[in-house]
Amino acid sequence: MTTNLQLTADGKLKHFLTPEGLSAELLTQILDTAETFIDNTQSPRKIKSPQLLRDKTVVNLFFENSTRTRTTFELAAKNLGAEVINMNIATSATSKGESLLDTIRNLEAMFVDAFVVRHAVSGAAHFIAQQTAPHISVINAGDGQHAHPTQAMLDVFTIRQHKPDFSQLRVAIIGDILHSRVARSEIHALNILGAKEVRVIAPKTLLPAEIEALGVTVSHNLQDGLQDIDVVIMLRLQKERMTSALLPSESEYFSCFGLTEEKLKIAKPNAIVMHPGPINRGVEIDSKVADGKQSVILQQVSNGVAVRMAVMAMTMTDFSNH
Amino acid sequence: MTTNLQLTADGKLKHFLTPEGLSAELLTQILDTAETFIDNTQSPRKIKSPQLLRDKTVVNLFFENSTRTRTTFELAAKNLGAEVINMNIATSATSKGESLLDTIRNLEAMFVDAFVVRHAVSGAAHFIAQQTAPHISVINAGDGQHAHPTQAMLDVFTIRQHKPDFSQLRVAIIGDILHSRVARSEIHALNILGAKEVRVIAPKTLLPAEIEALGVTVSHNLQDGLQDIDVVIMLRLQKERMTSALLPSESEYFSCFGLTEEKLKIAKPNAIVMHPGPINRGVEIDSKVADGKQSVILQQVSNGVAVRMAVMAMTMTDFSNH
Amino acid sequence: MTTNLQLTADGKLKHFLTPEGLSAELLTQILDTAETFIDNTQSPRKIKSPQLLRDKTVVNLFFENSTRTRTTFELAAKNLGAEVINMNIATSATSKGESLLDTIRNLEAMFVDAFVVRHAVSGAAHFIAQQTAPHISVINAGDGQHAHPTQAMLDVFTIRQHKPDFSQLRVAIIGDILHSRVARSEIHALNILGAKEVRVIAPKTLLPAEIEALGVTVSHNLQDGLQDIDVVIMLRLQKERMTSALLPSESEYFSCFGLTEEKLKIAKPNAIVMHPGPINRGVEIDSKVADGKQSVILQQVSNGVAVRMAVMAMTMTDFSNH
Numbered sequence: 001m002t003t004n005l006q007l008t009a010d011g012k013l014k015h016f017l018t019p020e021g022l023s024a025e026l027l028t029q030i031l032d033t034a035e036t037f038i039d040n041t042q043s044p045r046k047i048k049s050p051q052l053l054r055d056k057t058v059v060n061l062f063f064e065n066s067t068r069t070r071t072t073f074e075l076a077a078k079n080l081g082a083e084v085i086n087m088n089i090a091t092s093a094t095s096k097g098e099s100l101l102d103t104i105r106n107l108e109a110m111f112v113d114a115f116v117v118r119h120a121v122s123g124a125a126h127f128i129a130q131q132t133a134p135h136i137s138v139i140n141a142g143d144g145q146h147a148h149p150t151q152a153m154l155d156v157f158t159i160r161q162h163k164p165d166f167s168q169l170r171v172a173i174i175g176d177i178l179h180s181r182v183a184r185s186e187i188h189a190l191n192i193l194g195a196k197e198v199r200v201i202a203p204k205t206l207l208p209a210e211i212e213a214l215g216v217t218v219s220h221n222l223q224d225g226l227q228d229i230d231v232v233i234m235l236r237l238q239k240e241r242m243t244s245a246l247l248p249s250e251s252e253y254f255s256c257f258g259l260t261e262e263k264l265k266i267a268k269p270n271a272i273v274m275h276p277g278p279i280n281r282g283v284e285i286d287s288k289v290a291d292g293k294q295s296v297i298l299q300q301v302s303n304g305v306a307v308r309m310a311v312m313a314m315t316m317t318d319f320s321n322h
Numbered sequence: 001m002t003t004n005l006q007l008t009a010d011g012k013l014k015h016f017l018t019p020e021g022l023s024a025e026l027l028t029q030i031l032d033t034a035e036t037f038i039d040n041t042q043s044p045r046k047i048k049s050p051q052l053l054r055d056k057t058v059v060n061l062f063f064e065n066s067t068r069t070r071t072t073f074e075l076a077a078k079n080l081g082a083e084v085i086n087m088n089i090a091t092s093a094t095s096k097g098e099s100l101l102d103t104i105r106n107l108e109a110m111f112v113d114a115f116v117v118r119h120a121v122s123g124a125a126h127f128i129a130q131q132t133a134p135h136i137s138v139i140n141a142g143d144g145q146h147a148h149p150t151q152a153m154l155d156v157f158t159i160r161q162h163k164p165d166f167s168q169l170r171v172a173i174i175g176d177i178l179h180s181r182v183a184r185s186e187i188h189a190l191n192i193l194g195a196k197e198v199r200v201i202a203p204k205t206l207l208p209a210e211i212e213a214l215g216v217t218v219s220h221n222l223q224d225g226l227q228d229i230d231v232v233i234m235l236r237l238q239k240e241r242m243t244s245a246l247l248p249s250e251s252e253y254f255s256c257f258g259l260t261e262e263k264l265k266i267a268k269p270n271a272i273v274m275h276p277g278p279i280n281r282g283v284e285i286d287s288k289v290a291d292g293k294q295s296v297i298l299q300q301v302s303n304g305v306a307v308r309m310a311v312m313a314m315t316m317t318d319f320s321n322h
Numbered sequence: 001m002t003t004n005l006q007l008t009a010d011g012k013l014k015h016f017l018t019p020e021g022l023s024a025e026l027l028t029q030i031l032d033t034a035e036t037f038i039d040n041t042q043s044p045r046k047i048k049s050p051q052l053l054r055d056k057t058v059v060n061l062f063f064e065n066s067t068r069t070r071t072t073f074e075l076a077a078k079n080l081g082a083e084v085i086n087m088n089i090a091t092s093a094t095s096k097g098e099s100l101l102d103t104i105r106n107l108e109a110m111f112v113d114a115f116v117v118r119h120a121v122s123g124a125a126h127f128i129a130q131q132t133a134p135h136i137s138v139i140n141a142g143d144g145q146h147a148h149p150t151q152a153m154l155d156v157f158t159i160r161q162h163k164p165d166f167s168q169l170r171v172a173i174i175g176d177i178l179h180s181r182v183a184r185s186e187i188h189a190l191n192i193l194g195a196k197e198v199r200v201i202a203p204k205t206l207l208p209a210e211i212e213a214l215g216v217t218v219s220h221n222l223q224d225g226l227q228d229i230d231v232v233i234m235l236r237l238q239k240e241r242m243t244s245a246l247l248p249s250e251s252e253y254f255s256c257f258g259l260t261e262e263k264l265k266i267a268k269p270n271a272i273v274m275h276p277g278p279i280n281r282g283v284e285i286d287s288k289v290a291d292g293k294q295s296v297i298l299q300q301v302s303n304g305v306a307v308r309m310a311v312m313a314m315t316m317t318d319f320s321n322h
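Residue numbers (my numbering), protein chains in the order written: chain S, 1 to 322; chain B, 1 to 322; chain D, 1 to 322.
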């Protein structure tokens, strides 16, 4: 179902809701397109601003507040010449009792071209993509515990910069897999692109049942799990998990699953360390690791602008990197 | 008074505060200008973006929160190449105790070109237009229960698309006339443009005294009132009216004044149904009617962008459609 | 320390954090550059929009809410062709527990070019300038009670329009010197530019100890202090000072230190009256003075746009007025 919804009849990307069901070729096209937006000839690197979306309007439709994610999408759209309308829906239309569908119908009638949607309910972006007018593209900026596809693609983009041969790649995702839309989308993207192994490392209380069905190996012990690993992806620990009895305490979590310099030595010597941010220093990751020379966390942020530009360019125009 | 305030010495539109006192020729010029901004050659229709307001700055000066209205004005201004500054005054300058007039004086000193004003107090836009510097245009985006002229003009624009001969036109406005700035401005605009009849249909508690003086006929019964009607305009029912003892209950209101498919059959067969939004489904209008084939509610939203572009272009430049 | 931090190795302005430690030549260059952005050939004067910052991104990083200041910086940046991202940090990233430094690191990774910083803590802008990446400029939009350099420069710019010979200039700054970052920056800028005398006039409870060390003369009496004065700068009285026992009452303050037409006569006949805004009418200044013919308060606001454009152009580009 999701596969078809994201593609036009001739296989072009129309919406970007989840990596699930997309081909390795299409995901690679996103990565290659993103590459074209980074000017590697300059130091420091700059973003190119081809005005591909001139006269297009992008609506940031955020039902959950997230300044950081909203800002990267706003920058990406403006870099391509689009106008951006920021709508924080938590505090606006719906407070007058208008339904989600009426809000969507009204915005699409205003000749806008894309919705970037963040919503606390899994499936919200899919619902909007199903319901919206044919000329509008929907980009999922995170829906419940379901998917966060642009985050997954910027992670894969960053990995490819350092470890281009995915057929030999072993990736560990560590932390609260159960509640993480980022982890789900990473697992899908890495498997589609042919990673040799995606390993999840978490206490049992933070792993969904039947996680192996997603095509991952499982470890409940960080020291064991880090062996032979090329890429270490740490997940943010939501502090509210502590109070919900899924975890004993912050310090106990850190001692078992927090990444320190010492534990990182168990992974391959040239392993890279990633984190989707924002970081809880001293909870899931030690500052020395987060700021250390194996960390590519800030590269992820930079790449996020280029990857979001690529997704917007591909869904909103006939632009193609082929 | 209002007549002169809105016009330059040579009769050009300077501010747009209310349709009251303006000529049929001028209102028609707004409609014709709006028409030029819609590209009817494309499917779906697109808005043209002539950069008429390049290097102009429009300030959205909203003393009442309204994401929807603010967004259409922001889109209209950006479509014309203007910069837009959004100011939600409820939470800013006045919280430091600055007077409305000092806020206006400061903004005009910053070389801005127009204020789009929404305010809970009737007459606020007029006051600002009277006080502001000569090079600034004021556009009323709704003041108290007084006027909402761009809403009225987009309604008239939509009617003209379907019923171009106003001399034969009978329009019914249904609901809370008493508190509606939209109804007041619609009545003025329709009468100026020569509509054959403007009929208001409402319970006595939701009609102002001496409403006939505005040039309308009155009905207190929906079935009677809908006879011979070409255009049915439903007003949003503010739910707080219920608690203020003006109305018995939502369900009783719906049974008396709510528009259903069955009641709509009383109007002319090709009657169109309008609503300024946001809709209270099942309160003043049944979903089958709102989404039915006689509804032009979403066309109103689309036309709102073009009409607001027209008003900005006419008040802020020497642009003229003649 | 602050001197070097603001300048590149070859003496160009890199950040603008405080006038302190900068040369008269550099401050004069800011004033001269601002002059080039004002089109004095038009009536009313207009701001020129040279697209010097096209493809640059300015982040308004406001940890204290201030619509007025944020708006002038937003206008200044847009007048130069920059994209602007508004971040109200009080309600965003830090609520997820991210540190200030992580917020800065993330934003700079997004390829932005400047931070305009307002923060309640003295030294915040310096801290960010010390920590941020080399390609980023930091402009202080007010930090605690420390500095507000663009306000000081627009004040000096306004003074120069009326009183070009600083060697003969006597300026009085009146009111709550103790808590005023504006006063501190004005004192520094005026002394650097060679003003003959900067006199502070305030009750003892609103003067810092050892204020004379900043190079000012002191008066505790408005009538005495206004003698021979060319420029009268009134400071806004924060009403919370009343409740903190520093002041007896609003009316008593006004009778001692409020500026009236009568008291203004004590100053030189052609003295100008300034105020950084927002004004407390009837608290520190009488409306007749604020709106009178010696007042240049609204010219200050206009000049603020040009001065902020100058600071952005000088810090963010190789642009120079030489």
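Check each hint, because a few of them may be wrong.
Derived Cβ-Cβ restraints for the label pairs, each shown as a range [unchecked claim]: (1) B:Q130 to D:K46: 38 to 46 Å; (2) B:N88 to D:D228: 43 to 51 Å; (3) S:N65 to D:D228: 35 to 43 Å; (4) D:V121 to S:Q42: 48 to 56 Å; (5) D:G123 to B:K12: 38 to 46 Å; (6) B:N65 to S:S249: 19 to 27 Å; (7) D:G282 to B:G21: 36 to 44 Å; (8) D:T205 to S:L246: 53 to 61 Å; (9) D:T205 to S:N65: 39 to 47 Å; (10) D:Q161 to S:Q161: 18 to 26 Å.
Only pairs whose alpha carbons sit at most 20 Å apart, straight line, appear in this in silico SDA-like list of lysine to any residue [claimed, not checked]: (11) B:K196 to B:Q238; (12) D:K293 to D:T317; (13) D:K46 to B:K196; (14) D:K288 to B:T132; (15) D:K288 to B:D102; (16) D:K265 to D:T132; (17) D:K78 to S:S49; (18) B:K288 to B:L298; (19) D:K48 to B:L298.
Hints in this document: simulated from the structure, not taken from any laboratory.
Just so it is clear, CB atoms sit at the ideal spot from N, CA and C, and this is done for glycine as well.
Hints, verified against the model:
A beta carbon spacing of about 23 Å between B:Q130 and D:K46 contradicts the range 38 to 46 Å that was offered as a hint. Range check, B:N88 to D:D228: about 45 Å between beta-carbon atoms, so the 43 to 51 Å window is met. The hinted window of 35 to 43 Å between S:N65 and D:D228 is violated, with their beta carbons roughly 55 Å apart. Taking the beta carbon of each, D:V121 and S:Q42 are about 34 Å apart, not inside 48 to 56 Å as hinted.
A C-beta distance of roughly 53 Å is found between D:G123 and B:K12, which places it outside the suggested range of 38 to 46 Å. A C-beta distance of roughly 42 Å is found between B:N65 and S:S249, which places it outside the suggested range of 19 to 27 Å. Look at D:G282 against B:G21: about 37 Å separates their beta carbons, and that is inside 36 to 44 Å. Separation of D:T205 from S:L246 is about 55 Å and conforms to the stated range, judged on CB atoms against 53 to 61 Å.
Separation of D:T205 from S:N65 is about 42 Å and conforms to the stated range, judged on CB atoms against 39 to 47 Å. Evaluation of the 18 to 26 Å hint for D:Q161 and S:Q161 yields a failure: the beta carbon distance comes to about 54 Å. Restraint check: the Cα-Cα separation between B:K196 and B:Q238 comes to about 29 Å, which exceeds 20 Å; the hinted pair is violated. For the hint pairing D:K293 with D:T317, the CA-to-CA distance comes to about 39 Å; that exceeds 20 Å, so the pair is violated.
Among the hinted pairs, D:K46 with B:K196 is inconsistent with the structure: their alpha-carbon atoms are about 48 Å apart, more than 20 Å. Of the supplied pair hints, the one linking D:K288 and B:T132 holds, its CA atoms being roughly 19 Å apart against a limit of 20 Å. The hinted pair formed by D:K288 and B:D102 meets the criterion: a straight-line CA distance of about 14 Å does not exceed 20 Å. The straight-line distance between the Cα atoms of D:K265 and D:T132 is roughly 49 Å, outside the 20 Å bound, and the hint therefore fails.
Distance hint between D:K78 and S:S49 is fulfilled; the C-alpha atoms sit about 17 Å from each other, no more than 20 Å. Restraint check for B:K288 and B:L298: the C-alpha separation of about 14 Å stays at or below 20 Å, so the hint holds. Between D:K48 and B:L298 the CA atoms are separated by roughly 40 Å; this puts the pair beyond 20 Å, and the hint is violated.
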